[in-house]
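Chain A is fixed; fit chain B onto it per the hints.
Chains as they are written, first to last, in my numbering: chain A, 5 to 67; chain B, 8 to 805.
Be aware that a few hints might be false.
To be verified - Subject to a maximum C-alpha distance of 25 Å in a straight line, what follows is the list of computed BS3-like cross-link-like pairs (lysine-lysine):
| hint | chain 1 | residue 1 | chain 2 | residue 2 |
| --- | --- | --- | --- | --- |
| 1 | A | K31 | B | K297 |
| 2 | B | K87 | B | K135 |
| 3 | B | K129 | A | K31 |
| 4 | B | K734 | B | K802 |
If you're looking for bench data, these hints aren't it; they were derived computationally from the structure. Remember, predicted model here, so these are calculated numbers, not experimental data.
Chain by chain, the residues run as shown.
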Amino acid sequence: MSIIALLISISLTIALIFLGVFLWSMKSGQYDDTYTPSVRMLFDNDVKRPDEKETAVKAELKK
Amino acid sequence: MTRTDVVAETTCFHCGASCEEIHWRDDKPFCCKGCETVYEILDSNNLCEYYNLNLTPGTKTPAITDTSYAYLDEPEISAKLLSFNSPSFASADFFIPSVHCVSCIWLLENLSKLHTGVVDSKVNFANKTVHIDFNPTRISLGTVAGLLASVGYAPRITLEHEKKEKPRTDRSLILKLAIAGFAFGNVMLFSFPEYLGIDQADHTLTRIFAWLNVALSVPVLFYSGIDYLRAAVRSFQQKQINIDVPIAAGLLALFFRSTYDIATATGPGYLDSFTGLVFFLLIGRWFQSKTYESLAFDRDFTSYFPLAVNRLSEDGEWKPVVIYHLKKGDTIRIRNLELIPADSILLDASAYIDYSFVTGEAKPVKAKSGDKVFAGGRLIGTAVSLAVEKSTSQSQLTSLWNSDAFKKVNESKYKKIIDRAARNFTWVVLGIAALTAVYWYVTEPASMWLVITSVLMVACPCALALAAPFTLGSVLRELGKRQLYLKNADVVERMGTIDAVVFDKTGTVTHGQDPEVELMGELDESELAKVKLLTGFSTHPLSKFVHEFIRKSATGSVDDFRELPGKGIQAHMQGKVYKIGSAAFTGFHEKLDQSASYVFVSIDDEVKGYFMIRTMIRRNIADMIQRLGNKCKALLSGDHETEKQPMTYIFGSNTTLLFNQSPHDKLAYIHNLQAKGNTVMMVGDGLNDAGALKQADVGIAVTDDTGVFTPACDGILHGSEITKLDKMLELTRASSTILKSGFAISFFYNAIALSFAVSGHLTPLVAAILMPISSISVVSFSTLAVKFVANRKFKDIT
Chain A
5 MSIIALLISI SLTIALIFLG VFLWSMKSGQ YDDTYTPSVR MLFDNDVKRP
55 DEKETAVKAE LKK
Chain B
8 MTRTDVVAET TCFHCGASCE EIHWRDDKPF CCKGCETVYE ILDSNNLCEY
58 YNLNLTPGTK TPAITDTSYA YLDEPEISAK LLSFNSPSFA SADFFIPSVH
108 CVSCIWLLEN LSKLHTGVVD SKVNFANKTV HIDFNPTRIS LGTVAGLLAS
158 VGYAPRITLE HEKKEKPRTD RSLILKLAIA GFAFGNVMLF SFPEYLGIDQ
208 ADHTLTRIFA WLNVALSVPV LFYSGIDYLR AAVRSFQQKQ INIDVPIAAG
258 LLALFFRSTY DIATATGPGY LDSFTGLVFF LLIGRWFQSK TYESLAFDRD
308 FTSYFPLAVN RLSEDGEWKP VVIYHLKKGD TIRIRNLELI PADSILLDAS
358 AYIDYSFVTG EAKPVKAKSG DKVFAGGRLI GTAVSLAVEK STSQSQLTSL
408 WNSDAFKKVN ESKYKKIIDR AARNFTWVVL GIAALTAVYW YVTEPASMWL
458 VITSVLMVAC PCALALAAPF TLGSVLRELG KRQLYLKNAD VVERMGTIDA
508 VVFDKTGTVT HGQDPEVELM GELDESELAK VKLLTGFSTH PLSKFVHEFI
558 RKSATGSVDD FRELPGKGIQ AHMQGKVYKI GSAAFTGFHE KLDQSASYVF
608 VSIDDEVKGY FMIRTMIRRN IADMIQRLGN KCKALLSGDH ETEKQPMTYI
658 FGSNTTLLFN QSPHDKLAYI HNLQAKGNTV MMVGDGLNDA GALKQADVGI
708 AVTDDTGVFT PACDGILHGS EITKLDKMLE LTRASSTILK SGFAISFFYN
758 AIALSFAVSG HLTPLVAAIL MPISSISVVS FSTLAVKFVA NRKFKDIT
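Looking at chain A on its own, in the form it has when it is part of the complex (with noise of 0.2 Å):
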């Protein structure tokens, strides 16, 4: 039956390896919000960029 010490020990083991896991994704902030990165991971990174230059002008005029 020493098997079975063993074989609960290792089962312990790695419940409490998945736990520390899940407290650290926790701590990280990964279940903060499931929803927005599903969607981020979908846009375009190319969007046309207009010269940084021009975007301030226009914001100073805007003033």
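Below, chain B without anything else, positioned relative to chain A:
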């Protein structure tokens, strides 16, 4: 032959609302200037991808001004909002209620393309917040907020809210939940030998398992369940027993009993039940907090009343501004009997300030030029200008509104019932648990501990305690949506019992805006200017009309200003005595046309002329009065009987119409009605009837510009919404029925569940699941029922 009408509806390219007046731009229709502006901004920055991700993704955007967020740049305020602050890098979180789709996320995350000062922005869709990193040397916090507003995502700034740091507490609850769940699963695994009955085979193994269970349960009790233990300890410290005590007792009983069993090797204990119990209790708590969040989220915002004060704007004009937009250095003007909204410095020579709302001392205090005057004081006499020292928050004034000085005698009925019930209930629960324990100890000692725990769990009267705040809270919110802002939930209860309504005339039944004013008599330019100046000091509606009617610039020094309620105002100017007010007050004796109101002007006791003012009667008010029926008891007016004819037409013959009423007469009338056993609601403008508003069981101040703050009243109603007053009364009456049904449901739950628990048919696990379900169902019932009733009541009223 039938005719078919075809209506081609044009919807706004930005927000999807149907357009009444179409603004075309780039062949795209827009419903309003605001939407069009947003499109222009996006178009000029190549951000029109926004419209491809989702059709009509915008929300209707009223055109806004740049200045409305300038107050955020005050260091004190920005410190509260910024989560990180350094000279070249800062970040802040904004709550944006209008975030609702993919396009919103896309645009908000591309903010850096709109302004180079924005470094990065990240949306949290679940919380509707956006986290913005920006460069303070290039863009200020106020401008960031303005930028968001300019593209249709106006952030909702609440300084009080920012302090709470909600996410952290939420996270710790989930951590506790995770630990409890982990332990629960493993304890069940180690209890398998017990479940299958193989303990005879290998005794040492079961002992090891049992001790492992204890080890797993320790963090469950001392980490996951600590909130319950703490609450129980706190309740003992305050020598008051609360509803967490039975739960804590149940947890401790299960844990120590099981540990004792295991230590003495007399049994396997109930640690699987114990850990599962904590796990389900925490799930319930988490689910509850989610439900409450979604139900109660905007309660604080909509039940607030908007307040404004006159501020000197840059172009030299007095413009009303919402008080929490006041910032240090602003010059504001406070009129006779108005409240000082923020701590300020007096700019004029002297002023009398009545601090009775703050200190209870009724004698006005004299302040000299340069003295500091404090928020909450009320000005007596001449209007003064003040320089704001400290910005103020809405909650400060709300707390002032709720101060003891204005508390009505009759305390909340339900609160008392609940307080008493909760205390007695806990004793009853402990008593029942003890009796059950004795019974089971005699008949079946083995299951005693489980039964006790179930009893303690299920009897918790938390649903009872939640029914009232949620019902009354949602009534407050529904009324707030219809622009009746009540002081607190107690007022809802009192409003439900109203059987007599008394109206004031000017500003209540008649319009507070756009009157017809005519000037008769010989007043020259400089005299008119002085009249304008003097009437500007008074808050009486007629003074306001005269003040607005005279289009002159007015300056000068005023001495010995006095406002005599019900009569008029009096002051010395350049050696002359000016009296502005009623005919009797100024000494005018001729007969005039009785269908209008008059304001007479006398200089050194010689009547120089008068203003004839015809105020419009509010639209649809007659219908409302008719629907009120017998409840409408009287009309009290401080004016002459000039408008008796139209008033009789509106109020019918059953209502008492009293004219020439002094503030004291009005108060006495209300007092009389109360002495006759009526519960009275007074509806007035809150200026010359403040006493009556306070005396009445419910005093409602009607206002058109939301400028005048009358702490004596119980609610502020926007003038245009007065036609819904009867329906509002009906809603509050219905709320008391809803509340009683909520109590009934909660009691029903407890009674049924308790009977199952006592007879041993309910395991602690089921009890732990049942408990939050009962609370949630009660809370959802009361919120939804109020919403349903409100929608039905207000459906036909415009």
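Here's how the hints hold up against the structure:
no., hint, result
1, A:K31 x B:K297, "holds, 19 Å"
2, B:K87 x B:K135, "holds, 19 Å"
3, B:K129 x A:K31, "holds, 18 Å"
4, B:K734 x B:K802, "holds, 10 Å"
The earlier numbered hints are all upheld by this structure, with none contradicted.
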